[in-house]
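Undergrad: Residue-level listing of the chains:
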Amino acid sequence: MLGHKEYLRVEHAGVKQALNETLRHRFNDRYQKFYNECARRLVWIENAIEALDPDEGAPSWISEQLTLASELITRMERSHLEEFAWPFAEELHDLARAITLPPKPLPEKKTPKGASDPRTTLKQINPPFFFFTAEGGMASYSVAVNSQQFPTQAHMDIIPVIFPRSLKEHVLLHVVLAHEIGHVAYRTNPRGATYKIAAHKLLPSIPKDLYDWCYAHLKIAHPTPILIAMERYNLWAEEFFCDLFGLISMGPSFIPALLALLGPRDKTKFHFMPTHPPLDARISFLGYAAEALSMQYSKHKDGTVKLPVAGSLDKSFDKRLKQARSTPAGKLIDKKTAMAVTRSVYSACSAVDGVVFPIPEAKLMTHLVKQLSRHLPPSAPEIRYSEDAVGYDIKEVDFRHILFAGWLHWSTLKERDEEDMRKINQLCSKAILHQNGISFWNENLHAVRDPS
Amino acid sequence: MTALTKAELIKELNSGKLVVTPMIDPLAQIGRVSIDLRMGNTAAMVRGAGLSHVDPAKYAKDRDSGDFSREQHRRRKLEKLSVPFGEPIVLHAGTLILVPTFEWVQLPPHLMGVVTARSCWAREGLSIATAVFIDPCYNGIITLELANLGQVPIKIYPGMRIAQIALYRAENPQKKCDPHCQSQFYGSFEPDSGDIVKHDIDFLPRSKKMPVG
Chain Y
116 MLGHKEYLRV
126 EHAGVKQALN
136 ETLRHRFNDR
146 YQKFYNECAR
156 RLVWIENAIE
166 ALDPDEGAPS
176 WISEQLTLAS
186 ELITRMERSH
196 LEEFAWPFAE
206 ELHDLARAIT
216 LPPKPLPEKK
226 TPKGASDPRT
236 TLKQINPPFF
246 FFTAEGGMAS
256 YSVAVNSQQF
266 PTQAHMDIIP
276 VIFPRSLKEH
286 VLLHVVLAHE
296 IGHVAYRTNP
306 RGATYKIAAH
316 KLLPSIPKDL
326 YDWCYAHLKI
336 AHPTPILIAM
346 ERYNLWAEEF
356 FCDLFGLISM
366 GPSFIPALLA
376 LLGPRDKTKF
386 HFMPTHPPLD
396 ARISFLGYAA
406 EALSMQYSKH
416 KDGTVKLPVA
426 GSLDKSFDKR
436 LKQARSTPAG
446 KLIDKKTAMA
456 VTRSVYSACS
466 AVDGVVFPIP
476 EAKLMTHLVK
486 QLSRHLPPSA
496 PEIRYSEDAV
506 GYDIKEVDFR
516 HILFAGWLHW
526 STLKERDEED
536 MRKINQLCSK
546 AILHQNGISF
556 WNENLHAVRD
566 PS
Chain C
646 MTALTKAELI
656 KELNSGKLVV
666 TPMIDPLAQI
676 GRVSIDLRMG
686 NTAAMVRGAG
696 LSHVDPAKYA
706 KDRDSGDFSR
716 EQHRRRKLEK
726 LSVPFGEPIV
736 LHAGTLILVP
746 TFEWVQLPPH
756 LMGVVTARSC
766 WAREGLSIAT
776 AVFIDPCYNG
786 IITLELANLG
796 QVPIKIYPGM
806 RIAQIALYRA
816 ENPQKKCDPH
826 CQSQFYGSFE
836 PDSGDIVKHD
846 IDFLPRSKKM
856 PVG
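Note that the protein sequences, when read in sequence, are chains Y and C. The numbers in our numbering rise by one with no breaks, and the one at position 116 of the first sequence is 231. The numbers in our numbering rise by one with no breaks, and the one at position 201 of the second sequence is 846.
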């Protein structure tokens, strides 16, 4: 018979071997942090296993920790750059990192000897480690933020960000990952508390007894309520916040991306029951938020883009918005509340550099859309070349403006099919890669000119 | 056939008819009669282990078979690696790697391109293109066929200027580009293997018996 201590030793050795096997693959230069963190956790788990009395049972957290490590390592093995749009992932990484960095650099300090929970101190200093991977399924967009709930001597959280393998180059849809990054922002120190205060202004609008409300208004009774009403009540506020975070950080592109992914699966008008608010409620809320942020846009017949303008996001969204607001779910959050919450969250997000979608100049957007209509990647602002030039200022285009241009172009194509969608995505993906190159070059250029 | 000079290249670029984008350092890239091109971020390498030789007949057979054979042949032939900026790929002596240009190139109907190695790299043994002509109206990345003709392995980094394109005026050009009449690599986003038997299938052995005697 294999005793529990022996079994845990076997499992531990297997996980350790799997970690070492990952070294066969090529990952980005941040990988070493992941390896060191996993190795550190495995040493801690090994010590815990060795301390076990073979005649007594093992606490469940040991096997839970091994399972977590095994899952993370297996996901990392699938984290090849070839399996997802890595230039987009780099941009998302910067966004996720920005919101999880401490407001001011904390001084380096060692764990005090005998401290009961060293994690508290260490994890405050070390922001989470994000890595990107691809999994099957149209709905696999997610951030595994819940996987860090076990007690451990972790020096930092490890958070996998998951892309759907089948939508590899569909960067216009990847915009919805900002909703998932919103969960990280909401649940992670140091700024989570601020976001919660802002989002909790929505709580009075959310029915206290969701179970009864859903039955009365949506004719849906969940047979086995997984969560108690109060939990759902808070979760809905979090989901509204995450939609808002998506809109604030990614700009108007967030709305068509979210609708594209949720629309086909909204048979019950209560997608992701019971943890998410009904889609009509989300659409109505986003409509008010876009209005508060002046993020409506339009593309004129002459091809120019004016920003911001008072008008509709686009005609199909206008129609969907009207439909949503005619339902009980669409009336849950009133305009006044939605706009007040939007302003609070926007103000909190503005405190972090690089998080808020920068409103682009209309001239830039017109140029980018024109590039797409000529089957060119929307890579650069218009440049006038000259024989006498002594230098050119090659500016990066914010990746969110590229995605915005992609959605603008798509929304105005008269005859369109999935091939058009694929090509626009590929062109936008290429343009984001180009920005990666421009950024790399600019940073190196400045480093050479100013070595200090 | 004369190559466009710097002034003419700039005129074509400013008119928007010729596109080379993004040009990160135009001062360095626009030369007297050519525009330098940088290496992109994908490397497609032939998988030597699974391939004994290139046989057009086998190629044609697989092409005409069902999805499985055709796709298997295509997918197994090349191994594609993403190479971020700052990371090298090593080109060993005698090996071939397909890489895209970093820049996206669009040619108008009246211009054709000729791609060659920059001479400083050629002197290190790096050959960058054997199929050097780019048709008028081409739109996409340009695939560079990197081969190391020297004895010493060469490290190359994405973003380096390794190639150059010279532009020539085509006589009696089409008035505008016909989207239905494009080359097989038109609109490429990354390097891929080509169709070596296109229009040549009649010269390949068939499965039927050949006449004897």
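Hints in this document: simulated from the structure, not taken from any laboratory. No residue lacks a Cβ here, since even glycine has one placed at the ideal position from N, Cα and C. Do not rely on the hints blindly, as some may be mistaken.
[To be verified] For the chain Y half of the interface with chain C, some residues (derived, Cβ under 8 Å), not all of them:
no., residue
1, Pro169
2, Tyr461
3, Ser488
4, His490
5, Tyr500
6, Lys545
[Said to hold, decoys possible] Below 20 Å or equal to it, Euclidean Cα-Cα: the simulated DMTMM-like pairs (lysine to aspartate or glutamate) are:
no., chain 1, residue 1, chain 2, residue 2
7, Y, Lys538, C, Glu732
8, Y, Lys485, Y, Glu534
9, Y, Lys283, C, Asp837
10, C, Lys725, C, Glu835
11, C, Lys722, Y, Asp503
12, Y, Lys131, Y, Glu171
13, Y, Lys538, C, Asp837
14, C, Lys725, Y, Asp324
15, Y, Lys148, C, Glu732
16, C, Lys656, Y, Asp503
17, Y, Lys283, C, Glu816
18, Y, Lys283, C, Glu724
19, Y, Lys446, Y, Glu534
Undergrad: Look at each hint and say if it fits the structure.
TA: Going down the list of hints, with the structure as the test:
no.: 1; hint: Pro169; result: 47 Å, violated
no.: 2; hint: Tyr461; result: 32 Å, violated
no.: 3; hint: Ser488; result: 12 Å, violated
no.: 4; hint: His490; result: 6 Å, holds
no.: 5; hint: Tyr500; result: 5 Å, holds
no.: 6; hint: Lys545; result: 6 Å, holds
no.: 7; hint: Y:Lys538 - C:Glu732; result: 28 Å, violated
no.: 8; hint: Y:Lys485 - Y:Glu534; result: 19 Å, holds
no.: 9; hint: Y:Lys283 - C:Asp837; result: 18 Å, holds
no.: 10; hint: C:Lys725 - C:Glu835; result: 10 Å, holds
no.: 11; hint: C:Lys722 - Y:Asp503; result: 48 Å, violated
no.: 12; hint: Y:Lys131 - Y:Glu171; result: 25 Å, violated
no.: 13; hint: Y:Lys538 - C:Asp837; result: 17 Å, holds
no.: 14; hint: C:Lys725 - Y:Asp324; result: 54 Å, violated
no.: 15; hint: Y:Lys148 - C:Glu732; result: 18 Å, holds
no.: 16; hint: C:Lys656 - Y:Asp503; result: 13 Å, holds
no.: 17; hint: Y:Lys283 - C:Glu816; result: 42 Å, violated
no.: 18; hint: Y:Lys283 - C:Glu724; result: 17 Å, holds
no.: 19; hint: Y:Lys446 - Y:Glu534; result: 37 Å, violated
Hint check: violations occur at hints 1, 2, 3, 7, 11, 12, 14, 17 and 19; the rest are consistent with the structure.
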